[in-house]
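A.B. asks: One letter stands for each residue in the lines below.
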Amino acid sequence: MKVEEIRQMFPALSQEVYGKKLVYFDNAATSQRLSSVIECQKDCALGANANIHRAVHKLAVEATKAYEDTRDAVKSFLNVGSRDEIIFTSGTTHSINLAASCFGNAFVNPGDEVIVSESEHHSNIVPWQLMCNRRGATLRVLPVDNDGHLLVDLLEGMLSERTKILAVTQISNVLGIRNPIERIVSICHSKGCKVLVDGAQGAVHGGIDVQETGCDFYAFSGHKVYAATGVGVLYGKKELLEAMPPYMGGGEMIDHVRFSGTTYAPLPEKFEAGTQNFLSVPTLRPALEFAQEVNKDAEVQARQKEIIDYLLDKLGNSPEIRLFGVPRGTEEKIPLFSFCVEGVHHEDLALILDKMGIALRSGQMCAEPLMDRFGVTGMLRASIAPYNTMEEAEYFVKCLDKAAKMLRA
Amino acid sequence: MKSLQEVKEAIVEDFSTYDEWLDKYEYLIELGKNLSAYPEEKKTDDRLIQGCQSRVWLDSEVRDGRIWFTADSDAIITKGIISLLISVYSGRTASEIYGDDFGFITEIGLKENLSPTRANGLASMIARIKTIAEENL
Ligand SMILES: Cc1ncc(COP(=O)(O)O)c(C=O)c1O
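Those sequence lines, one after another, are chains A and B.
If you count the first sequence from 1, position 317 lands on 317 in the numbering used here, and the numbers rise without skipping.
If you count the second sequence from 1, position 18 lands on 427 in the numbering used here, and the numbers rise without skipping.
The following block holds chain A by itself, in its conformation from the complex:
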């Protein structure tokens, strides 16, 4: 696919900001929406707008079908064995909170341990802290090295029969390096420790095969893979989900409700309490289809690699720039670059580059422990999608230089 062809599919990209062409480099925070996603949501709202699973009328049947067909699309996207293992949530954060809370209630006892990595998003730290506090367990941290690689060699020594679960990101939203998930899963499983993978970034860049990887849980958000906001997915192995108590109580998640006691619906409804986001869930279908297509497309991948190499060179070899997440080879890196410019505050740069039309992320990026690890108060981040061009990357490098000069002068 040509880049112009892809750009045509994302109507928001053609807008101007402050009279300049928009250069959207904040894709790791949220991607732009596909026109097919926008259309899908509109069609649901105008056509099959009815509450799902409940009524027998035509609209309800259609809405339910759109929703449940999406479960099949997710099933094939992650290569999940059974539909029952896919739970729709509001996003990665919801998915991880659900998993942490219910897994904790089922399997974590006082004196047990949970491991997270040092490079986790707050969404993959705080839910575990909350659960550990509630269950009397201890949270331990797997560190990263100076280049941003997880110190997986330390993992085996950290595991014991008390370690119940490890939560790790497939790709950090700050470092942009692919973590060796299969190796981590195999080490953990050899010691009886379960693994949750935060796929918020990983689902976008290559996705995952959960059966091949063997992870026990996988979480991702729709809005980062071109779908509508407010939807996400939690994959969980059936035997674990079945052993876990429900997260929220309410409509749809029940079998029978009596004041003497309630029985719960089978999977996956057990974890889908209340009215679901039936207008947005179906947008995952066109979105995941597009994500799979670009991930397979040799032309798109070659173009992304060229941009990665270019930015690795410009940001990685400048004496004034400190790049975080330095890969051993391009294949390890996604087009996501967090960095600091010597003597210039990240926020100043972001403000000036914004006026030049470039949307970047600045600050702690929801990973304060990682900021502390590198001794900085924040960073600047450029994250790139298949619709971004080499010209945009070059314009960004030029503007970054100009802005830094302006701030230093």
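If you're looking for bench data, these hints aren't it; they were derived computationally from the structure.
In this text the structure is predicted, and so the values were computed from the model without any measurement.
Ideal placement from N, C-alpha and C gives every residue a C-beta, glycine not left out.
Be aware that one or more of the hints could be misleading.
[Claimed, not checked] With a Cα cut of at most 35 Å, we get these calculated DSBU-like pairs of lysine-lysine:
{"no.": "1", "chain 1": "A", "residue 1": "405", "chain 2": "B", "residue 2": "451"}
{"no.": "2", "chain 1": "B", "residue 1": "442", "chain 2": "A", "residue 2": "65"}
{"no.": "3", "chain 1": "A", "residue 1": "296", "chain 2": "A", "residue 2": "65"}
[Said to hold, decoys possible] Looking from chain A toward chain B, a few residues come up when the C-beta cut is under 10 Å (computed):
{"no.": "4", "residue": "312"}
{"no.": "5", "residue": "348"}
{"no.": "6", "residue": "406"}
{"no.": "7", "residue": "409"}
[Unchecked claim] Cβ-Cβ distance ranges computed for the label pairs, FRET-style:
{"no.": "8", "chain 1": "B", "residue 1": "544", "chain 2": "A", "residue 2": "21", "range": "55 to 61 Å"}
{"no.": "9", "chain 1": "A", "residue 1": "182", "chain 2": "B", "residue 2": "515", "range": "45 to 51 Å"}
{"no.": "10", "chain 1": "A", "residue 1": "16", "chain 2": "B", "residue 2": "475", "range": "43 to 49 Å"}
{"no.": "11", "chain 1": "A", "residue 1": "376", "chain 2": "B", "residue 2": "427", "range": "30 to 36 Å"}
{"no.": "12", "chain 1": "B", "residue 1": "539", "chain 2": "A", "residue 2": "394", "range": "33 to 39 Å"}
{"no.": "13", "chain 1": "A", "residue 1": "16", "chain 2": "B", "residue 2": "470", "range": "44 to 50 Å"}
{"no.": "14", "chain 1": "A", "residue 1": "328", "chain 2": "B", "residue 2": "455", "range": "42 to 48 Å"}
{"no.": "15", "chain 1": "B", "residue 1": "423", "chain 2": "A", "residue 2": "376", "range": "32 to 38 Å"}
Since the structure of chain A is already known, use the hints to place chain B with the ligand on it.
C.D. replies: This is chain B with the ligand only, laid out in the frame that chain A set:
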């Protein structure tokens, strides 16, 4: 000393000469760079203004019935903004500051043109200045 009103009008006038936002930033950067040095030992948590992406410290002192502000920030544009605020409000009486509506900030377009996180920071800076005035009424 010029009146509060005169100082504010002069700033609005200054800003109106810049069409481009980059020029307004240049102006703020200049202000930031020219802000007099702020002692390291006063960069304490109680002087830190919450709600900004960058760190901003504001210190005040009452002399001859007037409030004198000093400030610093690790980001230069923020430093320019706090410098601008100080240039207007430092050396005024508590009731003058407390009674002011800070409307000139909107007039120069600062509020709308800063990102919401930054606009928050600006709101926090103004709130802190007002609180200090209120405490000295
Ligand atoms: C690695 C990672 N984990 C978790 C999240 C949280 O995702 P959401 O805010 O969509 O729940 C993000 C998004 O910022 C992320 O990048």
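A.B. asks: Decide, hint by hint, whether the structure agrees.
C.D. replies: Results for each hint:
no.	hint	result
1	405/A - 451/B	holds (29 Å)
2	442/B - 65/A	violated (62 Å)
3	296/A - 65/A	holds (28 Å)
4	312	violated (27 Å)
5	348	holds (5 Å)
6	406	holds (7 Å)
7	409	holds (8 Å)
8	544/B - 21/A: 55 to 61 Å	violated (49 Å)
9	182/A - 515/B: 45 to 51 Å	violated (56 Å)
10	16/A - 475/B: 43 to 49 Å	holds (47 Å)
11	376/A - 427/B: 30 to 36 Å	holds (32 Å)
12	539/B - 394/A: 33 to 39 Å	violated (46 Å)
13	16/A - 470/B: 44 to 50 Å	holds (47 Å)
14	328/A - 455/B: 42 to 48 Å	holds (46 Å)
15	423/B - 376/A: 32 to 38 Å	holds (34 Å)
Against the hints set out earlier in the document, violations occur for numbers 2, 4, 8, 9, 12.
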